[in-house]
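Chains as they are written, first to last, in full-length UniProt numbering: chain A, 1 to 167; chain B, 1 to 519.
Accuracy of the hints is not assured; some may be wrong.
Straight-line distance between alpha carbons at most 20 angstroms, and here's what the computed SDA-like set of lysine to any residue pairs gives [said to hold, decoys possible]:
#1 A:K6 - A:T64
#2 B:K194 - A:V104
#3 A:K153 - B:A382
Don't read these hints as lab results, they were simulated from the structure.
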Amino acid sequence: MTLKLKLEDGVHEVEIVARRPHLTVRIDGRLHTIADLGPAGDGSGAITFDGARLPFERIASTGTTLVRIDGRTVAVDVVDPFDEGAGPGSGRDEILAPMPGAVVHVHKAAGDPVIRGEAVLTIESMKLQTTLVAPRDGELVAVLKGDGDTFEKDEVVARLAPAEGDQ
Amino acid sequence: MSHSAPPRDAFRLDAALDVPSEPRTRAPVPFRRVLIANRGEIAVRIQRTLRQMGIGTVAVFHRVDADAPHVAGADESVELVGDSAVAAHLDGAQIVASAVACGADAIHPGYGFLSENAGFARQVAEAGLTFIGPDADTIALMGDKISARQFAEAHGVPVAPSVMPTGDLDAFAAEAERIGFPLLIKAAAGGGGKGMSIVPDAGALREAARIASSEAQRYFGDGRVYAEVYVERPRHIEVQVLGDGTGGAIHLFERECSVQRRFQKIIEEAPAARLPVALRDEICAAAVRLASAARYKNAGTVEFILGADGRFFFLEMNTRLQVEHPVTEMITGIDLVRAQLEIAAGQGLPAPQQEIVAHGHAVECRICAEAPDRGFLPATGAVRHLGVPQGAAIRFENALRQGQKITADFDPMLAKLVVAGADRGDAIDRTLSALGELAILGVETNVDYLARVLDHPAFRAGDLHTAFVSEHADSLAPRPLDAAARDRALIVAALGQRIFQTLVTDVPEPHASIGAWRN
Numbered sequence: 001m002t003l004k005l006k007l008e009d010g011v012h013e014v015e016i017v018a019r020r021p022h023l024t025v026r027i028d029g030r031l032h033t034i035a036d037l038g039p040a041g042d043g044s045g046a047i048t049f050d051g052a053r054l055p056f057e058r059i060a061s062t063g064t065t066l067v068r069i070d071g072r073t074v075a076v077d078v079v080d081p082f083d084e085g086a087g088p089g090s091g092r093d094e095i096l097a098p099m100p101g102a103v104v105h106v107h108k109a110a111g112d113p114v115i116r117g118e119a120v121l122t123i124e125s126m127k128l129q130t131t132l133v134a135p136r137d138g139e140l141v142a143v144l145k146g147d148g149d150t151f152e153k154d155e156v157v158a159r160l161a162p163a164e165g166d167q
Numbered sequence: 001m002s003h004s005a006p007p008r009d010a011f012r013l014d015a016a017l018d019v020p021s022e023p024r025t026r027a028p029v030p031f032r033r034v035l036i037a038n039r040g041e042i043a044v045r046i047q048r049t050l051r052q053m054g055i056g057t058v059a060v061f062h063r064v065d066a067d068a069p070h071v072a073g074a075d076e077s078v079e080l081v082g083d084s085a086v087a088a089h090l091d092g093a094q095i096v097a098s099a100v101a102c103g104a105d106a107i108h109p110g111y112g113f114l115s116e117n118a119g120f121a122r123q124v125a126e127a128g129l130t131f132i133g134p135d136a137d138t139i140a141l142m143g144d145k146i147s148a149r150q151f152a153e154a155h156g157v158p159v160a161p162s163v164m165p166t167g168d169l170d171a172f173a174a175e176a177e178r179i180g181f182p183l184l185i186k187a188a189a190g191g192g193g194k195g196m197s198i199v200p201d202a203g204a205l206r207e208a209a210r211i212a213s214s215e216a217q218r219y220f221g222d223g224r225v226y227a228e229v230y231v232e233r234p235r236h237i238e239v240q241v242l243g244d245g246t247g248g249a250i251h252l253f254e255r256e257c258s259v260q261r262r263f264q265k266i267i268e269e270a271p272a273a274r275l276p277v278a279l280r281d282e283i284c285a286a287a288v289r290l291a292s293a294a295r296y297k298n299a300g301t302v303e304f305i306l307g308a309d310g311r312f313f314f315l316e317m318n319t320r321l322q323v324e325h326p327v328t329e330m331i332t333g334i335d336l337v338r339a340q341l342e343i344a345a346g347q348g349l350p351a352p353q354q355e356i357v358a359h360g361h362a363v364e365c366r367i368c369a370e371a372p373d374r375g376f377l378p379a380t381g382a383v384r385h386l387g388v389p390q391g392a393a394i395r396f397e398n399a400l401r402q403g404q405k406i407t408a409d410f411d412p413m414l415a416k417l418v419v420a421g422a423d424r425g426d427a428i429d430r431t432l433s434a435l436g437e438l439a440i441l442g443v444e445t446n447v448d449y450l451a452r453v454l455d456h457p458a459f460r461a462g463d464l465h466t467a468f469v470s471e472h473a474d475s476l477a478p479r480p481l482d483a484a485a486r487d488r489a490l491i492v493a494a495l496g497q498r499i500f501q502t503l504v505t506d507v508p509e510p511h512a513s514i515g516a517w518r519n
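Pulled out of the complex, with its shape left as it was, chain B reads as follows (with noise of 0.2 angstroms):
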C-alpha cells in the first residue's frame, strides 16, 4: 500500500468528474428502488447515484418542503406529515411504512435525522428491507462514546486518559485531579458540541460538569458526561473507512476538518494538511483496525483528535455517510454512495486496499446561511439569485433554487462547494475562485467568510487547529472595501434603482424643450 503522494502529473483534472465514474464491471445491485430518509442536498446527491445505477428513487419530504428540489427529482414521492419538518423526518416508523407502501427495497439514511439511530436501523431490517448502513448493533456500539471508546482501547487503538461518570461527582473529581487539568468534558451521548466545555482547573469542575451534564440531558436525553484529557491546539484528523461487514475493512485516507466554529466543521480537506506520510500510515491503520474488529458494514468514519506532539486519540466512529465524502471521492475516484449500496446488497468492498490511492488534494467549503461577522448567528430570508460556479473538478452539492425561502425549520447548511486541485496550493486558489464566482443573493451567507479563511496565509501554510476561527478572528475580520471598489459597488448599486434609471435615460428639462436632446 502506498500513500506517499503521487507525483503532480499524475492528476489529471478533467479525471475529477463531478460524480467519480467507475470502469470496473460488477453485478448490478438487486435494488429496484431506494428511499431516501432525508432531505436537501444529501437526498439529492444519493439520488444521483441511485440514477446512474438504474434504481428508482423515492423522497420524503415535509409539506414545508413540497417544491423542494430533492422532491422534484425523485421517480416518487412521499408526504410525511408531523408537529414540525424535523418531527416528521424523525418519524422512523412512519417512514419505513412509507417504503413498505411504495414497494422500496431499502433506506437510505443520508446524514443527521434517522442515519445513526440503532432503534431506526432494527425497524429497517425487521420490515424486510435493506437499511444502507451498519448493522443496528454497531450503531448502538459506536453510538455510545463510552463504549465505542472502550472498545477502541481494547483493539489497541489509542484514547485520551479520560474519566468515566460514577453518578459520584466527589468521585468523578479526585479522579480528574489525577490525570491533570484542562479537561474536556464530553457527554456520552453526544455530537455536534454540544454538552461539551474546556475546564481550565480543578475548581472550574463541578459547575462544568453540572452544566454539561444538564444540557446532555436536554439533547440526548442522556446526562452522562465524562471527562478527557484535553489536548492542546488539536486537529481534527478522520478516516473513511468501507467494512464489508465480515471483518473486512479499508481505508480511503483522511480528511482533515479542523477550521470549524461551534464545534461543527466549515471547511474539510483531504488528504490533510501537512501529515507526515508514516503518521498517516499510523492512523489510517488504526482506523482500520477498529473498523475490522467491529466487523464494521457500510461507509463509516474513524474520527481522531491529533495533538501538535503527533500524538492522536480516538474521538468516535461516525456510523453514516458524513457531509464531507465528496472530498475523499474526488482524490480517490471511488463513489461512496455506490459502494455502500454495493456493501448493503452484499457485493463486498470496492476494491482492495492497494488498489485505493489518492491523487491531488481537494477541499470542501460548507456554505451556510449565517452572519459570520455577527457571530455566526443563523439568517433567514429566501434565495433571490443564485450564481454557480462552473468548471472543472467542481462539485456544488446542493438543493438550492432561486426563490427558495430559508427558514429556520432546519440546519444552516445550504451547499457544499467542492473543488479539486493538483495539490493543496491549486485546490486552494481553485476553490477561491469558485467561492468568487459563487452568488446567492437575498440571504445572508458565510461564502465571503469562507474566501478570508481560504487565503488566511496561517491557512494556506497548514497550520491548522480547532480554534483557528477564534485565534484569526481579528484577521478574518472583513477589510473595509478601498474607495475605487466601493464607487463600482454604488455605481452597480445605483444602476440598479429604478429612480437613477429615470434620472440617466430622462430628458432633462431645457433640451427637451428645444428638442435638442437625443438619448
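So here's chain A without its partners, still in its complex pose (with noise of 0.2 angstroms):
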C-alpha cells in the first residue's frame, strides 16, 4: 500500500519497499533507508535517515502533522483516498473569517450589490483589524454577523448570490 501525504501543494506517495535488515522507502520514485525509527507519537525524537541522524519534532492530529526539522516547520497532511480528486469547492459564494474574532465595523448589508475588493466587514482579531472584501463582483445576500458579533475560524460571516453560470 501506498501513503499519500500532502506537502506545500503537491501530493508524494511514500510506499514501503523492505523491512529488513533496515525500513526502506520509495518516495515518490526516490529509495531511502532508516535504521531507527525513533518513537511514536507526537514530541521530539530522531531517525536515521540514510546513515545520517535527523532529530525532529511532531504532532499529529486530525490528519495534519506538523514537523519540525532543520530549523523548519512542515505541515504534512494525509490524503484521504476517498477525497481525493475532489478540488475544493469554489467559495467565491461565502466570506469566511480568516480567523476568530469580533466585528467592529459592518459596510454592507444583505441585498447590497458589490464589487471584487469592496469592503464588507472590518473584524478584528488580537488587535489587528482585517477588512474582509467582497471575493468577486455581485449581490450580498446575507451578512451574518453585525457589529459586536464574535465567530471562529473560516465561520461564513456573509454570502454572496451565485453567480450566473454556477449551479
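Once you've looked at the hints, go ahead and assemble the two chains, each given alone in its own frame, into the complex.
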C-alpha cells in the first residue's frame, strides 16, 4: 500500500519497499533507508535517515502532521483516498473569517451590490483589524454578523448570490 | 563616558546570564509584596527579579488565564472579574483594591494595559501604595504626543517639522503645504500605528486626516491628529534611560527597532547596527537631557527616528518598562526591573553614567502567533509541543506551557527569544541557531520567518529601516523545500501516522503464513 501525503500543495507517495534489514521506503521514486524509526507519536525524537541522524519534533492531529526539522516547520496532510480528486469548493459565494474574532464595522447590508475587493465587514482579532472584502462582483444575500458579534475561524460571515453560470 | 565598542575579548559570554546578577551591595528594597498588574511573559519576568530580591509576588488573572504560568509562579494570586480578559486587566480600581486587600506595598504595571495610564498611577499613589514607574504628571506629559513634542523641543531635543491640529482643516492643510510632502499623520494620543498614515501629496491630505482622526477617536477617544515631515527610509532608534526623579538621569545605550510589521517591532537589537560613535553619543545625550528636564523617575525609553542623512528627531517617550528591555540588560549587565524597584524605593540610580559600559551585542525576536506568509494574520490554536533552546546567553522569555490554548483575547506575542553574542555577527548567528532549536507546534508562529529576516543579506549588513519587511517581501518569502528536505519531512510525518506504523511492523501475509517472517 502506498501512503499519499500532501506537502506544499503537492501530493507525494510513500511506499514501503523492504522492512529488513532496514526499513526501505520509496518516496516519489527515490529510495531511502531508515535504520532507527524513532519514537512513535507526538514529541521529539530522531530517526536515522540514509545513514545520518535526523532529529525532529512532531505532532499530529486530524490528518495533519506538523514536523519541525532542519529549523523549519512543515505541515504534512494525509490524503484521504475517498477525497482524492475532489478539488476545493469554489468558495466564491461565501466570505469566511480568516481567524476568530469580533466584528467592529459592518460596511454592507444584505441586498447591497458589491464589486470585487469592496469592504464588507471589518473584524478585529488580537488587536488587529482586518477588512473582509467581496471575492467577486455580485449581490450580498446575507451578512450574518453584526457589530460586536464574535465568530470562529472559517465561519461564514457573509454570502453572495450565486454567480451566473454557477450551480 | 566611553561609548566606543569594547575590544572583542572584553565580552564574556558566560557573564551574560539569564538575568544579570549584580554584585553591588545595596540596602534591601523595603517592599514586602508587589502586585504585578499584568500577565504573560512580562509578569513571569518581573516575578523572577522580585524572587531574587526576596520580595513576595502577587499575580492577577482573569478566569481565561486561571492556569497560566504567571499565576502558578506567584506567591499569591487574585482573580479579576470583567466582561473580557482585557477589560479586567484595565480595571484600575479593582486592581488597586486587590493590592490593598492582599497587603501589597507596590504595584508593577509591566507594559501595555495600565502601564502608561496617569489615572492609574494616581489611584495607586492615593491608595498609599508605590507605583513602580514615573509619577502621574510625567505619564500625562509624555502620553500626549503633542505636549511631549513641545516639551522636547523646549529642551533642545530635535523634533521633526510638523503641523499641529487646529480644528480647522483648511488651516491645517495650508500649513502642511508649507512644510511639504510626504507627510506622516499621527494621532496625538496614539501608539502602535493606530491613526497613522503616510500622505504622499496635498491632494490626499484631507481624506487621510479625516480617516486618521476617526480611527484615533475610535481607539483613543481623542480624534486630534497632527502631521510631521515623513523621513524616508527611517530607522527607529530608542534610548533606555533611568531617572531618579530629582533631575538625575543616565542612559543605558540605544536599541535598534527598525524591523517592524504593521508598525510593530518584531526584531530589536542593542546596540544599533552601524551607528557612528559620535551620532550614538549625540542621541543618547539628547535622551538624557529630556529625562533630566522632565525630572523623570524610573525606567523610560526615548524613541527617535533617524534619517539616512544622520538627522534624528524625537518621536515619543515611553514611560514604562519595554518589551525589548532584555537586549539592554544583556549588553549592560543591569537588571532593569531591579533598577525600577530601587528607584521607586528612593535608592537612586544603579550606577553613575561613567560606570555603565556596553559589551557585545544582543538580539531579541518577538515570537508571535501569526501567519507571516499570509499578511501576518493572527493565528490561534493550542501549543501542543514546546521545544525551548538552551545555551549560554540565551533568554527565552515566555509564559507558555504545553497544551496552552492561544486565543484571540490578547496580543499575538507568545514569547521573546533574546540572545547575546560577542559582536553583531556572532549574535545573529547564535540567534539563528536558537531559532532553529525553538519548536512551537500546534499554533502557527513567525519563528521560521524571523530566521529568514535575520539571515537576509540586508539585515546582516545592517541596512535597516522601518519598511524592511515590505521592501524585502519577495526575498523573505519561504523558499520551497528541495527534494531531499521534502523526503525527510515526509518520512518523519509518515512515521507519526498509526496506519504507516502498522504497515511497518505488520507481517506481510504470505510470510506470516509460512512462519518465516520475524520482525
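Evaluation of the provided hints:
no., hint, verdict
1, A:K6 - A:T64, "holds, 9 angstroms"
2, B:K194 - A:V104, "holds, 15 angstroms"
3, A:K153 - B:A382, "holds, 14 angstroms"
Consistency with the previously given hints is maintained throughout, with no hint failing.
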